[in-house]
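Engineer: Can you make the complete structure from the sequences, with help from the hints?
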Amino acid sequence: MPSTTDQQLRKILTDVLGLKPGQADGFAADTGLFGHLPELDSMAVAGLLTEMEDRLDIVIEDDEVDGELLETYGALLAFAEAKREAA
Amino acid sequence: MTPASYPCPRPTDPGASEYALAFDRGQAVRLLVIPALFDEGHKLRHLCVEVMRRLDGSGIDSFLPDLPGTNESTADLNHLTLADWAAATIAAAHHFRPSHVLAVRGGGLIVPPGLPGWCYGPVKGSSLLRTMLRARVLSAREAGREESGEGLLVEAQEHGIELAGYRLGAGMVQQMQAASPAALAEIEQDVVGGSPLWLRAEPDYAPAQADALAAYLTMAVRA
Chain A
26 MPSTTDQQLR KILTDVLGLK PGQADGFAAD TGLFGHLPEL DSMAVAGLLT
76 EMEDRLDIVI EDDEVDGELL ETYGALLAFA EAKREAA
Chain B
229 MTPASYPCPR PTDPGASEYA LAFDRGQAVR LLVIPALFDE GHKLRHLCVE
279 VMRRLDGSGI DSFLPDLPGT NESTADLNHL TLADWAAATI AAAHHFRPSH
329 VLAVRGGGLI VPPGLPGWCY GPVKGSSLLR TMLRARVLSA REAGREESGE
379 GLLVEAQEHG IELAGYRLGA GMVQQMQAAS PAALAEIEQD VVGGSPLWLR
429 AEPDYAPAQA DALAAYLTMA VRA
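Those protein sequence lines, which keep their order, are chains A and B.
FYI, in the numbering used here the residues of the first sequence are 26 to 112.
FYI, in the numbering used here the residues of the second sequence are 229 to 451.
Derived by calculation from the structure, the hints in this document are not laboratory data.
It should be emphasised that the depicted structure is a prediction, and the values quoted were computed from it without experimental measurement.
Yeah, the Cβ is synthetic: ideal placement off N, Cα and C, and Gly gets one too.
Accuracy of the hints is not assured; some may be wrong.
To be verified - Derived list of chain A stretches under chain B, where covered just means 3 residues or more per stretch with a C-beta under 8 Å from a C-beta of chain B:
id, segment
1, 48 to 55
2, 74 to 81
3, 104 to 110
Stated by the list, open to error - Chain B side only, calculated, beta carbon under 7 Å to chain A, not exhaustive:
id, residue
4, Thr309
5, Val365
6, Val419
7, Ser423
8, Ala429
9, Asp432
Structural biologist: Written as structure tokens, this is what we have:
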């Protein structure tokens, strides 16, 4: 059984943010990301999006990326899941 | 560990040289480390040097050359192409006489031919470019300017571009966009453990990853 989008997204954030194993398990839908985590600058977000494309096998267009998409964990997950269903 | 240098001719200066970090005790096994490119090079340099220290302790020499236009080099990056970097790694190989090569990430795009070795986290040039273009689009948007990655790429292939603080010429962009990693054995993250340091938002260092990578290489060079 392949891991779910949720699990994969938590792993990607763990890698990008340098979290300890399991730390991302505590992310809830309303956990703040971009704007709440100072280390998520534009280069880190760009790396995050490229990694999401590679691991989730999706393509993210520039115009789909806005502040709301990265505002919370829930918003990012909903986006990733919708992308995978559409793929 | 000692600072060393290797002859690396430039069109305007045939006698030019570049620096390298060297652990050279005249051992039989000599590893040329081809660094990761651009910001990933910074994020992975600490790991590379720590791996080299461990290899030194295991009786393996290693060499980490500066690519022209990076680190201590006085060459102007804006005038360089990926082919110039490939020529530099060949020049470094001529000078240091390695028996093996370890390419790290984008270093896999500029590996000198004819050496056995490994690539840790190989990546296509187009993927590296895409991430840097995306970072530029995101930061432009924060500043209230609308740019598109595709539009920037077209323009960059004609006129060059500044990405992640690096001024890249058109030739560099064109060659990056087309470049694929050399056919070396891949070292996957599972071997190294933890999470890839080039992905970290904040540059970090993980001694356990250096231990694992050095242990893997120590066994692999003698296999």
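Engineer: For each hint given before, does the structure comply? Return the numbers of the non-compliant ones in rising order.
Structural biologist: The structure breaks hints 1, 3, 4 and 6; every other hint is satisfied.
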